[in-house]
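Put together the whole structure using the sequences plus the hints.
In order, the protein sequence lines correspond to chains A and B.
Quick note: the first sequence, position 408, residue 407 per numbering that gives the first Met the number 0, numbers continuous.
Quick note: the second sequence, position 437, residue 436 per numbering that gives the first Met the number 0, numbers continuous.
No lab work stands behind these hints, which were simulated from the structure alone.
Ideal Cβ placement from N, Cα and C applies to all residues, glycine included.
Some hints here could point you the wrong way.
[Stated by the list, open to error] DMTMM-like cross-link-like pairs, simulated, lysine to aspartate or glutamate; straight-line CA separation at most 20 Å:
(1) B:LYS216 <-> B:ASP188
(2) A:LYS419 <-> B:GLU576
(3) A:LYS456 <-> B:GLU513
(4) A:LYS74 <-> A:ASP98
(5) A:LYS458 <-> B:GLU513
[Stated by the list, open to error] In silico negatives: residues of chain B with every beta carbon more than 10 Å from chain A:
(6) PHE327
(7) LEU338
(8) GLU413
(9) LYS435
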Amino acid sequence: MKEIKKVLIANRGVPAVRVMNTCRDKRIKTVAIYSTPDRLAYHVFLADEAVHIGEAPPHDSYLNMEKIINTALEKKCDAIHPGWGFLAENPNFAEMVEDAGLIWIGPPPRVIRLMGDKIKAKKIAQRANVPAIPALLKVKSVDDILEWMKEEEIEFPIMIKAAAGGGGKGMVRVENKEELSIAFEKAKSEAKKSFGDDTLLVEKYIKGGRHIEVQVCADKHGHIVHLYERECTIQRRNQKILEEAPSPSIDEDLRQEICFTAVRLMREIGYYSAGTVEFLLDPQTKRFYFLEVNTRLQVEHGVTELITGLDIVSLMFDIAEGKELPFNQDDIYPNRHAIEVRINAEDPKTFNPSFGTITRLEIPQGPGIRVASGVYEGADVPPYYDSLIMLVMSAGADRNEAIRVMDRALSRGLRVEGVKTIAPLLLSIIRHPEFIAGNFSTRFIEEHFQELLAMFKEKTADDEVLKIAQYVAEISVLGPQNWM
Amino acid sequence: MGYVFVKPGMSPKEIVQKVRDLPGVCLVSVGMRDAGQSDYKNRLRMYDLKTLAPYYNEMGLFAAECHGGARWHVGIMNRRESPFEEIKLLRELMPNVLLQTLIRETNMWGYRPYPKNIIEYVVERVDIDVWRCFSFLNDVRNMRTVAEVVMKKGKLFEPAISYTVAPWFDTKYYLKVVDEIIDLCGGTDEIVLCIKDMAGVGTVTSVTELIDAIKQKYPDLVINYHRHITDGLAMPVLLAAAKAGAKIIDVEEDTLVRFYGHSPILGVEALFREHGIPVNLDRKLAEKAVEKVREWIRDYEWAESPFKGFDHMVTRHKMPGGAFPSSFEQAEKGGFLHLMPYILQVMSLYNQIVKYFDVTPGSQITWVTCSGIVNRYAKEKGEEGVKHVIKLLKKFVEEKNQDLSAMEPEEQEELLQLFRQAPGDFKNLILGHYGKLPIGWPDDWVYKSAFGNEWEQKIKERKETSPLESIPDEDLDALKNQLENELGRPSSEEEFILYLMHPKDAIDFIKFREKYGDAPLVLPTKVWREVLKKPGDKVEFEYEGKPYCIELVSIGTESDGVVHVVLKVNNKARVFEVKTPRAKKEEVRKATKPNEVGAPISGTVWRIGNPQRGTLKVGDIVHKGEEIANLESMKMENPVLAPFDAQIVEICVKLNQMVEEGQLLFVLQPLENVKETNIPKIENLPH
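Structure representation (structure tokens):
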């Protein structure tokens, strides 16, 4: 396999910037692509070259497969890295990349396709002796569901999911029999709209479930290791906003079991590159169930890098070049606790997207902090794409220390003006006693939302001084006022 | 502690005893309240006044008057400071000093009676040590609720008698008021009695006689004399009061003294000392406080009265010191400052017809009523008209002894119209809504004049009870909901109290502070008012214990009513957007008044005038029903007709201009001499 000297990064924002940083370390030239509103975006300036790829709508730009591949060829790139999101888990694109003679920095297209089908993935998991949530695959009607529940002695609530789904779309929790038929229709139509495929599956709902995933790395020579697990239980609307490693929910025995189960599954499917196996942990029974495989670099990979000292993106490049993994499982020895929060440009109370210009940006710094930003001061946050603008990570000797460092980062270091971010919510979460105690489920935010809101700090001296400055500005222009 | 002899936390009884035990007299400094109210339109800011606190803390004052009166209302309306912030700050800076408020019985810190449950709710929650409470009617019944709540929470109640000099208010009358007060308060051991000479008209003889009479009847009663200085005779009267037995005297820093406030603290101390009356005062510290005032008082020159100098005529019109500056302010804003001498003359006649005390809210009622009469005559008949009505009133009051039948028929007719346009508050006053008038209701003709044919009915409705009994309680929860709806968030207790006192102004205040934060507290007065003028100008301040600096870099040029200002905030440049009023002024002028003609629809003005007489111009006479313009809209013609016979004063649009519905087209002057006049709107404003 040939050496990668130049790579096209088929992404924008935080993932593009993340990949480019490693490329710089590895002396690999980078080609950025950008849509019209991203002309002055951060990833464009960080790259060695940048190519306009199309108009704002993703289908015209970051999802425009032919154009991206042609650009890579024109720019004489050796490879394409998809980042996460956009085309990262699109098997057709991966195939097209390889067919064009370029290196696809990711797992085999075949595996992407296989794992993209939830029903197939579940079957493979069963075959590999990986426990899966009791489920009815390929549901045709409400009656099917009721019959299945009777046979398997399953009680409400249950989950209806799109077979082709992900990201919380086409996913409905059903609390009782009365809701079932409406929920079924809703899931079906959402699945159709989001994935063009209305195949549904039904699962038992695991109460108080925790979301734990295992980072796996495998080379093309059959070597496969895990880089331990991450806890991603804190979610809002089924989307992760805070991740940490190691998981505070499991003990050492369970950790070993989950991690080796993940490795077993990945070996079974012939995986290479970096990937993740997601599990749901039932805290009552301490049983864990297979959810899905993420066949890509994940947003939260940084916490694993912080606890292991590895650069997963760098490993992806090496694996793609055909190199062997430079270590064995025994060499991986996590010795830190790390937390990541996602700074989304959203109203922290309503989660409505907040777009506009970042008029002021102060980035947290100091011991134990790592920041991956997709923006700079003065940058625009356009309304067309994901609201993630920055990842803030903290690391410490143990969980409490990591929380303290994160508290510093969010309460003293980070300052974003011009757009709203969910930083106040994140700060409330890490200060919440139940979070600190490790007592949480995927419903933590909904269950504690009012308390979390009440913890928002009303005023900061810096904000208050800006109000005073606004007064000074107004009266400086307008002169003494009548009301004075 | 030297001179400090009373402190917050002492019981009223203890405080009263400490004053009785003093060999001589002690002082109340009104520097933080009435001084500002009397000569600086209540604009003296916490930012500056707080510099006096360290001296007050050790000076040995009886109390610092720093709260109440109109300071509350002007605070939220103009200075944008909350009275709660002020108390909190002063408690920190001068923990030794009793903080004193001035409260207007049921009218509290507003201008109309509040219901009993609001009075209780508010008084319970305001952290003040000395509650000076007066009634502009000397209707002691109205003080009951304030007295009860204050005494129950262990604070010192200081009932005041409103004092003036007039034949019908003799010593006997005042003694009766004192009796009622002592009765209300259950004796003399837990109160201080204030004689509130709010216009400053007491003479050496009258005040000596009054205090003498009170002391004979109530030898243990501690008396505080409060006297304004406008007549120029204040200090000898203060001395006489002290000699007669007053133990507490109101003063202010010499450097604050102008013409409508109080006597200078150092001067009073020196005068008393010379006359062998010991004053409990650390004079050195008092001198320093006086010096301190010089550092900032020049920043308030703009707030001083345009009429400078003493004026002994105050003994006739009796406008209280505290009412002068705001009256001038309103006259200036209303464009009738030149009529002030006439208004004062009418006041001196009016207060012989309707007898009460010119102090809030009475002073507003007097002011609005009398300035309204003068303005109405001025608008209708010019200055001659004003002179005419003064002559009429003089004849009625001074020559005919207010005997209506002794006047000529047409003069009677005119007098019977005198109060027809009087403000609602005047009508409420004579209907007893504020309480009983001190020496009885006005003559029947006043009711005929105010109410016309309904006058007998109105007299029947007149109330003899205190507003405490007649005003129903309000639903506090509902009011709180109203406030929170308005704010869109939960309100604090303090915000709610501000709202209870002055609903509209409180909301303006709260919104101002939401937008501009603590600007009113941290900015020096020069910057607060005039701000930064040229690039490089900067303001430095401390906020929450850290230094800040705001520096002007540049002010951009205006574009579409928006100016961009670049400021450095702690060395970091930032751009601020400022909307100018021109943005608003460029808005379409709308027809709002009866003499303005607006566009009936949106369209194009394709003709000004009509085919018969051609184009119209300013000065032309038009007749009712005549077409004066035509608008085209959606290919339809829409004539605009003259509403009455009139002369064109202004044509506000050009030919072929696009106009929107309601947009001003013409300003007309009616041809017949319509009595439609624009009397400036005078509202109850702070006195």
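Hints versus structure:
1. Restraint check for LYS216 (chain B) and ASP188 (chain B): satisfied, since their Cα atoms lie roughly 14 Å apart, inside the 20 Å limit.
2. At roughly 19 Å between alpha-carbon atoms, LYS419 (chain A) and GLU576 (chain B) fall within 20 Å of each other, so this suggested pair holds.
3. Note on LYS456 (chain A) and GLU513 (chain B): the hinted pairing holds, with a Cα-Cα distance of about 15 Å set against a maximum of 20 Å.
4. For a cut-off of 20 Å, the pair hint linking LYS74 (chain A) to ASP98 (chain A) stands: about 17 Å separates their Cα positions.
5. Note on LYS458 (chain A) and GLU513 (chain B): the hinted pairing holds, with a Cα-Cα distance of about 11 Å set against a maximum of 20 Å.
6. Every beta carbon of chain A lies more than 10 Å from that of PHE327 (chain B), the smallest distance being close to 16 Å; the non-interface claim holds.
7. In this structure LEU338 (chain B) is separated from chain A by more than 10 Å, as the shortest Cβ-Cβ distance comes to about 21 Å.
8. Residue-level check passed: GLU413 (chain B) sits 37 Å from the nearest beta carbon of chain A, beyond 10 Å.
9. Every beta carbon of chain A lies more than 10 Å from that of LYS435 (chain B), the smallest distance being close to 37 Å; the non-interface claim holds.
In this structure, none of the earlier numbered hints is contradicted; all agree with it.
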